[in-house]
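Peer 1: Protein chains in written order, with our numbering: chain V, 45 to 264; chain U, 643 to 725.
Keep in mind the hints are simulated off the structure, nothing from the lab. Among the clues, some could well be false.
From chain U, some residues computed to sit far from chain V (all C-beta separations above 10 Å) [what the hints assert, rightly or not]:
1) Glu665
2) Ala669
3) Pro712
Cβ-Cβ distance ranges computed for the label pairs, FRET-style [to be verified]:
4) Pro152(V) - Ser710(U): 35 to 41 Å
5) Ala146(V) - Val661(U): 34 to 40 Å
6) Lys672(U) - Val149(V): 28 to 34 Å
7) Ala686(U) - Glu133(V): 28 to 34 Å
8) Thr143(V) - Glu706(U): 44 to 50 Å
9) Asn714(U) - Val149(V): 41 to 47 Å
In this text, all values refer to a predicted model and were calculated from it rather than measured experimentally. By construction, the Cβ of each residue, glycine as well, lies at the ideal position given by its N, Cα and C atoms.
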Amino acid sequence: MRARLFVVPLAIFVASFLLAACSSDEPSATPVSDEPLSEEAYLSAITSAEGLVADRIERLATTLGPLFPRTASKSIQKAVVFSEFEELEIGKFFEERYTAAAALVPSPGYAEDHQRYVASLQRLSAMVPVFESAIEDDDFAVLHLTIAEFQEESALTAIASSSSFCRALFRGAGVPDDVPPLCPENDDLPGGAYGQEISSLSHNFIARFGPRAGTNAAMT
Amino acid sequence: MFDETVSRLEAISPPDEYVAGHEVVLAYFKALTDTSDQIGTAIAAGDLEEMRLQMERSGTIAQETDESLPSNIRILLSPLFQP
Chain V
45 MRARLFVVPL AIFVASFLLA ACSSDEPSAT PVSDEPLSEE AYLSAITSAE GLVADRIERL
105 ATTLGPLFPR TASKSIQKAV VFSEFEELEI GKFFEERYTA AAALVPSPGY AEDHQRYVAS
165 LQRLSAMVPV FESAIEDDDF AVLHLTIAEF QEESALTAIA SSSSFCRALF RGAGVPDDVP
225 PLCPENDDLP GGAYGQEISS LSHNFIARFG PRAGTNAAMT
Chain U
643 MFDETVSRLE AISPPDEYVA GHEVVLAYFK ALTDTSDQIG TAIAAGDLEE MRLQMERSGT
703 IAQETDESLP SNIRILLSPL FQP
């Protein structure tokens, strides 16, 4: 049995969610300049900014990962989940992360990645009221769906990005370079056009399906 | 939502060396599409226990697929299965 099955995607989706969802109480690492950053400096800024929230990512992954949503029907665990999310102040961090990302001036080679990323953060911010209402109402079903939509949005943004940008995001979230299976591959795949098509389908499928239906269930 | 993925897979004619794996992958995506539909129905009904059961079913399907997946197609499915 290849034990990585779905376990890594769980970490990825938790991280993906928090890539957009969290920030830090510390000052942002975002440079303040009108000049485009070099490619290296830009990716480093992305990684550093995400690194500021690594503790929160770790907290959510370790605390909630084994609980949510696999054991959703157990009320005491639901209480833990809602308590954790209330403490995280998701809405506040969504807005702060969006503001910090939008202030970055990317190198020309990452302009497209940057535009996609910032647009994604803006969409995520717009989804926050639904998320907060679910917490306020203790509505676990809506909470699950909303989180899935957050995760899906983040995952689809990551896999649509260049490999180096995608890896910078995950690196900042504490995911090692050799782990993130969602990032697009630079290496030639076998199978020609068929291989490319199957790979693309599998990336998109797991980005959409994993958050909604499968990741935690496989964690035994 | 996932019907499109299944339709695209069904429309593909894999190279000979991938025919066996393609069938496994197609069955996998079909089964997960079904669990996704079941989960959506359960959520709409507020049936969290059924939601949990269907999520566990997703995991079982994935593990069973993992055991029967030909090695040559694994690398094409790296987000899902370890090569």
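Peer 1: Within 34 to 40 Å or not, the Cβ separation of Ala146(V) and Val661(U)?
Peer 2: violated, 48 Å
Peer 1: With 10 Å as the threshold, tell me whether Ala669(U) passes as away from chain V on beta-carbon distances.
Peer 2: Correct as stated: the minimum Cβ-Cβ distance to chain V is 14 Å, above 10 Å.
Peer 1: Just tell me: holds or violated, for the beta carbon distance of Ala686(U) and Glu133(V) against 28 to 34 Å?
Peer 2: holds, 29 Å
Peer 1: Could you say whether the range 41 to 47 Å given as a hint is met by the Cβ separation of Asn714(U) and Val149(V)?
Peer 2: Holds, at about 45 Å.
Peer 1: CB of Pro152(V) to CB of Ser710(U), is that within 35 to 41 Å?
Peer 2: violated, 47 Å
Peer 1: Far enough from chain V: is every CB of that chain over 10 Å from the CB of Glu665(U)?
Peer 2: At roughly 13 Å from the nearest Cβ of chain V, Glu665(U) sits farther out than 10 Å, so the non-interface label holds.
Peer 1: Starting from the hint 44 to 50 Å, judge whether the C-beta atoms of Thr143(V) and Glu706(U) obey it.
Peer 2: The hinted range 44 to 50 Å holds for Thr143(V) and Glu706(U), with Cβ atoms some 46 Å apart.
Peer 1: Quick check: does the Cβ-Cβ distance between Lys672(U) and Val149(V) fall within 28 to 34 Å?
Peer 2: violated, 46 Å
Peer 1: Per the stated criterion, does the least C-beta distance between Pro712(U) and chain V lie above 10 Å, as a non-interface residue requires?
Peer 2: holds, 12 Å
Hints 4, 5, 6, counting from the list given before, are not met by this structure.
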